[in-house]
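**Student:** Sequence:
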Amino acid sequence: MFRNADILDVQLVDEADRTRAVSEATYTELRETSDALISVRVDPLRLDPAQIAGLAPDFLEFTPADPEKPGLLTEQLAALEPLGIPSICAGLTIARDDLSLLGHESHLERLIDAGARYVQVEIQSFVDPDFRIRGAVRERIGDLLARFPILISDSWTDLGTQAGVGEAGLFFDLAQDAITPAGVVRLMRGR
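Residue numbers (this note's numbering): 1 to 191.
One or more of the hints may lead you astray.
[Claimed, not checked] Across the chosen pairs, the derived CB separations fall in these ranges: (1) 46 - 131: 30 to 40 Å; (2) 75 - 23: 25 to 35 Å; (3) 149 - 67: 11 to 21 Å; (4) 169 - 109: 17 to 27 Å; (5) 69 - 134: 24 to 34 Å; (6) 66 - 136: 17 to 27 Å; (7) 33 - 54: 13 to 23 Å; (8) 23 - 135: 46 to 56 Å; (9) 132 - 84: 33 to 43 Å; (10) 130 - 78: 34 to 44 Å.
[As the list claims (entries may be wrong)] With a Cα cut of at most 20 Å, we get these calculated SDA-like pairs of lysine to any residue: (11) 69 - 46; (12) 69 - 115; (13) 69 - 79; (14) 69 - 101; (15) 69 - 93.
Hints listed in this document are in silico derivations from the structure and should not be mistaken for laboratory results. Since this is a predicted model, take the numbers as computed values, not measurements. By construction, the Cβ of each residue, glycine as well, lies at the ideal position given by its N, Cα and C atoms.
Whenever a hint applies, use it, and build me the whole structure from the sequences.
**Tutor:** Right, here's the structure in full:
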(Lines of atoms letter the chains of each structure in order from A; the text may use other names.)
(Lines give C-alpha, C1' and ligand atoms only; values in the text may rest on other atoms or scores of the structure.)
Protein backbone atom coordinates (compact mmCIF):
# COMPACT_ATOMS: atom_id res chain seq x y z
CA MET A 1 0.00 0.00 0.00
CA PHE A 2 2.73 2.47 0.93
CA ARG A 3 4.36 2.10 -2.48
CA ASN A 4 1.54 4.17 -3.98
CA ALA A 5 1.48 6.85 -1.28
CA ASP A 6 2.74 10.31 -2.14
CA ILE A 7 3.47 11.33 1.46
CA LEU A 8 3.86 9.16 4.55
CA ASP A 9 3.22 10.94 7.81
CA VAL A 10 4.90 9.54 10.90
CA GLN A 11 4.97 10.35 14.56
CA LEU A 12 8.11 9.35 16.41
CA VAL A 13 7.86 7.32 19.60
CA ASP A 14 7.41 9.37 22.72
CA GLU A 15 5.92 8.77 26.12
CA ALA A 16 2.61 10.38 25.17
CA ASP A 17 1.35 7.88 22.61
CA ARG A 18 3.48 4.83 21.89
CA THR A 19 0.76 2.94 20.02
CA ARG A 20 0.61 5.45 17.15
CA ALA A 21 4.31 6.14 16.79
CA VAL A 22 7.38 4.65 15.14
CA SER A 23 10.97 4.46 16.29
CA GLU A 24 13.81 6.27 14.54
CA ALA A 25 14.95 2.85 13.24
CA THR A 26 11.54 2.25 11.65
CA TYR A 27 11.62 5.78 10.25
CA THR A 28 15.00 5.04 8.64
CA GLU A 29 13.58 1.81 7.22
CA LEU A 30 10.61 3.67 5.73
CA ARG A 31 12.96 6.25 4.24
CA GLU A 32 15.06 3.51 2.63
CA THR A 33 12.21 1.37 1.29
CA SER A 34 9.67 3.93 0.07
CA ASP A 35 9.79 6.50 -2.68
CA ALA A 36 7.17 8.52 -0.83
CA LEU A 37 7.97 11.86 0.73
CA ILE A 38 8.01 11.68 4.53
CA SER A 39 6.39 14.06 6.96
CA VAL A 40 7.21 13.99 10.68
CA ARG A 41 4.61 15.20 13.19
CA VAL A 42 6.03 17.76 15.57
CA ASP A 43 5.07 20.17 18.29
CA PRO A 44 6.92 23.29 17.09
CA LEU A 45 7.45 24.49 20.65
CA ARG A 46 8.94 21.18 21.84
CA LEU A 47 10.90 19.83 18.87
CA ASP A 48 14.59 18.97 18.92
CA PRO A 49 16.26 20.76 15.97
CA ALA A 50 19.22 18.34 16.01
CA GLN A 51 16.91 15.33 15.81
CA ILE A 52 14.95 16.89 12.96
CA ALA A 53 18.18 17.68 11.09
CA GLY A 54 19.31 14.07 11.51
CA LEU A 55 16.02 12.68 10.21
CA ALA A 56 15.90 15.11 7.27
CA PRO A 57 12.15 14.78 6.64
CA ASP A 58 10.56 16.26 3.55
CA PHE A 59 7.86 17.96 5.64
CA LEU A 60 7.06 18.78 9.25
CA GLU A 61 3.42 18.30 10.19
CA PHE A 62 1.97 20.35 13.00
CA THR A 63 -1.35 21.58 14.29
CA PRO A 64 -1.33 25.36 14.05
CA ALA A 65 -2.82 27.50 16.80
CA ASP A 66 -6.36 28.66 16.21
CA PRO A 67 -6.86 31.98 14.39
CA GLU A 68 -7.99 33.46 17.70
CA LYS A 69 -4.50 32.85 19.15
CA PRO A 70 -2.19 34.79 16.79
CA GLY A 71 0.56 35.13 19.41
CA LEU A 72 0.84 31.36 19.83
CA LEU A 73 0.86 30.89 16.05
CA THR A 74 3.69 33.44 15.79
CA GLU A 75 5.70 31.37 18.31
CA GLN A 76 5.04 28.15 16.40
CA LEU A 77 6.04 29.62 13.06
CA ALA A 78 9.15 31.25 14.55
CA ALA A 79 10.26 27.86 15.94
CA LEU A 80 9.83 26.16 12.54
CA GLU A 81 11.31 28.89 10.33
CA PRO A 82 15.03 28.27 11.07
CA LEU A 83 14.67 24.60 10.10
CA GLY A 84 13.85 25.51 6.49
CA ILE A 85 11.59 22.47 6.03
CA PRO A 86 8.18 22.90 4.38
CA SER A 87 5.25 22.11 6.63
CA ILE A 88 1.89 20.43 6.47
CA CYS A 89 -0.70 22.01 8.73
CA ALA A 90 -3.16 19.55 10.25
CA GLY A 91 -6.14 19.62 12.56
CA LEU A 92 -8.43 21.93 10.60
CA THR A 93 -12.08 21.07 10.06
CA ILE A 94 -15.05 22.25 8.03
CA ALA A 95 -18.29 20.75 9.30
CA ARG A 96 -21.92 21.34 8.56
CA ASP A 97 -22.26 22.90 12.00
CA ASP A 98 -18.83 24.61 12.07
CA LEU A 99 -17.94 26.65 9.00
CA SER A 100 -15.62 29.05 10.83
CA LEU A 101 -12.58 28.12 8.71
CA LEU A 102 -14.34 29.69 5.71
CA GLY A 103 -14.09 33.05 7.47
CA HIS A 104 -10.39 32.70 8.27
CA GLU A 105 -8.73 32.90 4.87
CA SER A 106 -6.10 35.27 6.26
CA HIS A 107 -5.13 32.50 8.70
CA LEU A 108 -4.63 30.09 5.79
CA GLU A 109 -2.67 32.75 3.88
CA ARG A 110 -0.41 33.25 6.89
CA LEU A 111 0.29 29.51 7.07
CA ILE A 112 1.11 29.31 3.36
CA ASP A 113 3.28 32.43 3.52
CA ALA A 114 5.20 30.85 6.42
CA GLY A 115 6.08 27.74 4.42
CA ALA A 116 3.09 25.40 4.62
CA ARG A 117 3.07 23.29 1.47
CA TYR A 118 -0.32 21.77 2.32
CA VAL A 119 -3.16 22.30 4.77
CA GLN A 120 -5.14 19.23 5.86
CA VAL A 121 -8.85 19.81 6.33
CA GLU A 122 -11.33 17.19 7.47
CA ILE A 123 -14.63 17.80 5.70
CA GLN A 124 -17.78 16.68 7.54
CA SER A 125 -19.17 15.92 5.08
CA PHE A 126 -19.59 15.92 1.34
CA VAL A 127 -20.75 12.29 1.38
CA ASP A 128 -22.24 11.29 4.75
CA PRO A 129 -26.02 11.79 4.51
CA ASP A 130 -26.30 12.47 8.25
CA PHE A 131 -23.77 15.33 8.13
CA ARG A 132 -23.92 16.42 4.49
CA ILE A 133 -22.87 20.00 3.78
CA ARG A 134 -25.48 21.78 1.69
CA GLY A 135 -25.16 23.28 -1.80
CA ALA A 136 -24.38 26.96 -1.20
CA VAL A 137 -21.77 26.11 1.42
CA ARG A 138 -20.28 23.44 -0.87
CA GLU A 139 -19.65 26.19 -3.42
CA ARG A 140 -17.84 28.31 -0.81
CA ILE A 141 -15.74 25.31 0.18
CA GLY A 142 -14.97 24.60 -3.47
CA ASP A 143 -13.79 28.19 -3.86
CA LEU A 144 -11.52 27.83 -0.82
CA LEU A 145 -10.12 24.53 -2.10
CA ALA A 146 -9.37 26.11 -5.47
CA ARG A 147 -7.31 28.89 -3.89
CA PHE A 148 -5.28 26.98 -1.29
CA PRO A 149 -3.24 23.73 -1.39
CA ILE A 150 -5.67 21.74 0.74
CA LEU A 151 -5.63 18.00 1.32
CA ILE A 152 -9.05 16.73 2.36
CA SER A 153 -10.42 13.80 4.29
CA ASP A 154 -14.04 12.72 4.51
CA SER A 155 -16.00 9.59 5.41
CA TRP A 156 -15.56 7.98 2.00
CA THR A 157 -16.67 4.58 0.94
CA ASP A 158 -16.18 5.46 -2.75
CA LEU A 159 -13.63 8.03 -3.90
CA GLY A 160 -15.74 8.83 -6.94
CA THR A 161 -18.15 10.66 -4.64
CA GLN A 162 -15.64 13.44 -3.96
CA ALA A 163 -14.26 14.05 -7.44
CA GLY A 164 -14.18 17.60 -8.66
CA VAL A 165 -14.31 19.58 -5.41
CA GLY A 166 -10.94 21.20 -6.13
CA GLU A 167 -8.74 19.65 -3.46
CA ALA A 168 -4.97 19.35 -3.89
CA GLY A 169 -5.19 15.73 -2.73
CA LEU A 170 -6.60 13.32 -0.16
CA PHE A 171 -5.35 12.21 3.23
CA PHE A 172 -6.16 9.21 5.36
CA ASP A 173 -5.22 9.06 9.03
CA LEU A 174 -4.95 5.32 9.55
CA ALA A 175 -4.32 5.77 13.26
CA GLN A 176 -7.53 7.67 13.89
CA ASP A 177 -9.95 7.32 11.01
CA ALA A 178 -12.49 4.54 10.95
CA ILE A 179 -11.05 3.37 7.62
CA THR A 180 -8.60 0.47 7.72
CA PRO A 181 -5.46 0.12 5.57
CA ALA A 182 -7.30 -2.51 3.52
CA GLY A 183 -10.16 -0.05 3.04
CA VAL A 184 -7.75 2.56 1.70
CA VAL A 185 -6.34 0.01 -0.75
CA ARG A 186 -9.87 -0.80 -1.99
CA LEU A 187 -10.66 2.90 -2.39
CA MET A 188 -7.45 3.61 -4.27
CA ARG A 189 -7.92 0.64 -6.61
CA GLY A 190 -11.43 1.82 -7.46
CA ARG A 191 -10.33 5.36 -8.18
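**Student:** Holds or violated: residue 69 with residue 79, Cα cutoff 20 Å?
**Tutor:** holds, 16 Å
**Student:** Check whether the Cα positions of residue 69 and residue 46 lie no farther apart than 20 Å.
**Tutor:** Within the cut-off at roughly 18 Å; holds.
**Student:** Honestly, do residue 69 and residue 134 meet the 24 to 34 Å range at C-beta?
**Tutor:** holds, 30 Å
**Student:** Given the hinted pair residue 69 and residue 115, is their alpha-carbon gap at most 20 Å?
**Tutor:** holds, 19 Å
**Student:** Do the alpha carbons of residue 69 and residue 101 lie within 20 Å of each other, as the hint requires?
**Tutor:** holds, 14 Å
**Student:** A range of 11 to 21 Å was offered for this pair. Does it hold for the Cβ distance of residue 149 and residue 67?
**Tutor:** Since residue 149 and residue 67 have Cβ atoms about 18 Å apart, the given range 11 to 21 Å holds.
**Student:** Okay, residue 75 versus residue 23 on CB: inside 25 to 35 Å?
**Tutor:** Holds, at about 29 Å.
**Student:** Go ahead and decide if the range 30 to 40 Å is satisfied by the Cβ distance of residue 46 to residue 131.
**Tutor:** holds, 34 Å
**Student:** Does the hinted range 17 to 27 Å hold for residue 169 and residue 109 at CB?
**Tutor:** holds, 20 Å
**Student:** Honestly, do residue 33 and residue 54 meet the 13 to 23 Å range at C-beta?
**Tutor:** holds, 19 Å
**Student:** Looking only at beta-carbon atoms, does the pair residue 130, residue 78 fall within the given range of 34 to 44 Å?
**Tutor:** Holds, since residue 130 and residue 78 (Cβ atoms, about 41 Å apart) stay within the stated range.
**Student:** Taking the Cβ atom of residue 23 and the Cβ atom of residue 135, is their distance within the range 46 to 56 Å?
**Tutor:** 47 Å Cβ-Cβ, so the 46 to 56 Å window holds.
Of the numbered hints given earlier, the model fails none.
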